[in-house]
Amino acid sequence: MKYLLITLVFLSHLIGQVTLDIKVLPKGATVILDGKEIGTAPVKGYSVKPGLHEVRLEADGYAPATHEISVQDAKRLVSDFILNPMYKIKFRAKEKGLTFELNGEHTWRDEKIKLNLEAGPHRLRVYYLDELFDDQVIIADRNAEFIYTRYQPESGTN
Amino acid sequence: MILRYKVFIISIVFFGIIKSADYTGSIAFIDLTMDSASIVQYGELFSSMSSQLQATPQMRVIDPEIVLSVVGQYSDLSDPEREIPDREIIISIGQELSADYVMYAGTKVEQYGSILTGEIISTRSGGTISTIQINILDVINVLEAESNIASWALIGEDPPYELMQPRRDLFPKHPKDIKEDKTPFGALWRSTVAPGWGQFYSNKRLPGFAFPSIEAVLFGVLFFNFSQYSSAVKNLQESSKLYDKETDPDEVLRLRKETIGYWNEHKSYNKAMINNGIMIGTVWAINAIHAYIAGPRPQNFIHGPEPYRSK
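Residue numbers (the working numbering), protein chains in the order written: chain A, 1 to 158; chain B, 1 to 311.
Just so you know, not all the hints are guaranteed correct.
[Said to hold, decoys possible] Once the Cα atoms are required to be at most 30 Å apart in a straight line, the calculated DSS-like pairs of lysine-lysine come out as:
(1) B:LYS271 <-> B:LYS241
(2) B:LYS173 <-> A:LYS112
(3) A:LYS44 <-> A:LYS27
(4) A:LYS112 <-> B:LYS204
Hints were generated in silico from the structure; no laboratory data involved.
Pulled out of the complex, with its shape left as it was, chain A reads as follows:
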């Protein structure tokens, strides 16, 4: 009877677990599952219970990312994640008196500023004399200098 109980507990434990594989680009990223570090990517054969889990991924030179994964009843779940690299951006305004706001979070008035931006699109808002003057999306795709001017370049320039 004792062995049967142990077996049932063992089996129910096995049945309730899903084997989780976590692959991350770049390899070697630290994988934190529900607040507990479970190793570096790729993580293979980690057992989890069905339900919602939070995966946090961290790697040098990349923006940390947090994703929620919904683990359903299945034998194995393979989750792929791709981290966005960070780029060094020098931002330069050609005119004075402009106020810049990035992603609704970061504001500056300096004519020159250095930013660390996650790869991808970012929303740039420009204020002139405290009025919204420009609203556009800029894309960070490499270490680069962004030069902002209020005026459209004449054709053939730029």
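Given the structure of chain A, go ahead and fit chain B onto it with the hints provided.
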């Protein structure tokens, strides 16, 4: 003792069942942004997927046109702003298609870009087998690359290298993996080899002409100083020979004065040559440093809505 064996056997059988349950059957790829215009593209995608999956003959890919006809019953394909149906609806679509698995991908346009969500679900258990959630810029190409990669999760094998390459190419690269056509280092070594070359390489024409011109003038001065130095040395040698042979006291005095003059002349031109050399080296170094500082770096020019500035 017998019970222990039973426990052991039950455990082995149980593990056997788990390990032998390979994913086999049929799969439907449901892209919730699909329409008749994109069906050709998906047809091509499925052809390539099918051929890859044939390598392990476990999975049959359901014709995308049949998938589209069923998807149309659940989602208004003419509505460009249609939302991603619930998970249950996706599973229902899969069941109606008699697919064992559905792979669906949806792109959600967010304020600052798009997020691609991909998932492979078993229509029988409702369980998720594979997921991917990423920020993307190039929706269509990433979708194709990721669909191919995800299909390998069904086989339980790692995708081949050639399928992983598009992922590496499409997603933003780490700065150290980005190869620029022109770099400040490229300008530096060019200008170190030949002054001005790095500046021309960086399209800086003015310093590109200025540095070699300055160097040319300095080399010209160096050549002049060298010829003057050589002449002074030659005169000094001749004069000193005459001085050694001369016995007339007045001539000796004259030759002594002349020899000292040549000696001083040769020393001053020698000093001038050394200074000249230092100047050439300094300008050369400045030219190389300038080439690096003014070297080509990626620049993005962005502008506001104002029309052209009046001149």
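Here is what the structure says about each hint:
Between LYS271 (chain B) and LYS241 (chain B) the CA atoms are separated by roughly 24 Å; this keeps the pair inside 30 Å, and the hint holds. For the proposed pair LYS173 (chain B) and LYS112 (chain A), the alpha carbon gap of about 25 Å is at most 30 Å, so the pair holds. The straight-line distance between the Cα atoms of LYS44 (chain A) and LYS27 (chain A) is roughly 13 Å, inside the 30 Å bound, and the hint therefore holds. A hinted pair counts as satisfied when its Cα atoms are at most 30 Å apart, and LYS112 (chain A) with LYS204 (chain B) qualifies at roughly 23 Å.
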